[in-house]
Amino acid sequence: MHWLLYGITLFLTLGTGVIHHNHTHQRMWHGRWANRCTDYGLTLLQGHPTFVFWPAHVANHHRFRHGPRDIARTYRPEFGGDTNHLWGYVLHPLQAAWVLYPLFLRWLGRLRLHSPGAFRYCLGQYALWLGSWAFFLALDWQKALIFIIVPQLHGLHWLLATNYLQHAHADGRPLTRAQRMMPGTPLNYARNFEGWVNPLLFNIGLHTAHHEHPQAHWSQLTRLHADHYRARVDPALNEAGLLRYMGRVFVLGLVWPAARTRPQMPANAIQ
65 MHWLLYGITL FLTLGTGVIH HNHTHQRMWH GRWANRCTDY GLTLLQGHPT FVFWPAHVAN
125 HHRFRHGPRD IARTYRPEFG GDTNHLWGYV LHPLQAAWVL YPLFLRWLGR LRLHSPGAFR
185 YCLGQYALWL GSWAFFLALD WQKALIFIIV PQLHGLHWLL ATNYLQHAHA DGRPLTRAQR
245 MMPGTPLNYA RNFEGWVNPL LFNIGLHTAH HEHPQAHWSQ LTRLHADHYR ARVDPALNEA
305 GLLRYMGRVF VLGLVWPAAR TRPQMPANAI Q
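One gets our numbering by counting positions in the sequence shown from 1 and adding 64 to each.
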């Protein structure tokens, strides 16, 4: 096994997660069946059903913007409070999965009662994912773990950990739509990453613009960020690059307090 190629494979799992995310916000095709086939294809590549983006991401995270009603907000007391450090980053995917899976089950329960066709569609995604794992494990369990399951889990880790990267120590106090529309209102609920992460991963770092225009095509986010949102975000939340940020905050911050970020919320505002 060539480790460089394996590293590229692991990096491509990040791209799969971003494509999965973008397809949820802006469907790739006009035709219903083409989009459904894409849902199943992405389920197979991601190693997890596509439908979970709707209850967890669209109906929860985008609706509440890291506010107190966002169930995967990084500052939950059960998650250790308003933190931004290496241990919090490592734990966040597990913590998020712990609170999100009951949400998925409630969503499926409502679909079973009110939309049986959509319920079967979601169960089909689970069957495809788990069936693919069972098939490849039966063929060769070692290769299945190394070349399929570990890369998919790596992609899922980044998919969930991205929430921590983009929101830890950001301001989760809710704003009304009218407040957000006012040009002078600060929008400090998310962190933005400029630099190479954006051309490599479909502008995933420009998070404020994405939140304010969730159905905008990813190629529009550079202009939206520069023209409308960069100046409305606290400079401490506009980072020059993702890897530079992670090295400074999560590694250097272990021994040098000045490298750490500071909370945007007062302690008495955390819920």
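Worth flagging that the hints you see were computed from the coordinates, not collected in a lab.
Any given hint could be a false lead.
As the list claims (entries may be wrong) - Pair ranges (Cβ atoms, derived): (1) 90 <-> 316: 36 to 44 Å; (2) 90 <-> 237: 25 to 33 Å; (3) 237 <-> 142: 13 to 21 Å; (4) 311 <-> 93: 34 to 42 Å; (5) 190 <-> 73: 18 to 26 Å; (6) 92 <-> 311: 29 to 37 Å.
Glycine is no exception: its CB is placed at the ideal position from the N, C-alpha and C atoms.
Each hint, compared with the structure:
1. For the pair residue 90 and residue 316, the supplied restraint of 36 to 44 Å holds, since their beta-carbon distance comes to about 37 Å.
2. Range check, residue 90 to residue 237: Cβ separation about 29 Å, and the 25 to 33 Å hint holds.
3. Range check, residue 237 to residue 142: Cβ separation about 19 Å, and the 13 to 21 Å hint holds.
4. As the Cβ distance of residue 311 to residue 93 is approximately 39 Å, the hint placing it in 34 to 42 Å holds.
5. Checking the proposed 18 to 26 Å range against residue 190 and residue 73 shows it holds: the Cβ atoms sit about 24 Å from each other.
6. Residue 92 and residue 311 have their C-beta atoms about 35 Å apart, which keeps the hinted 29 to 37 Å range intact.
The structure fails none of the hints (numbered hints given earlier).
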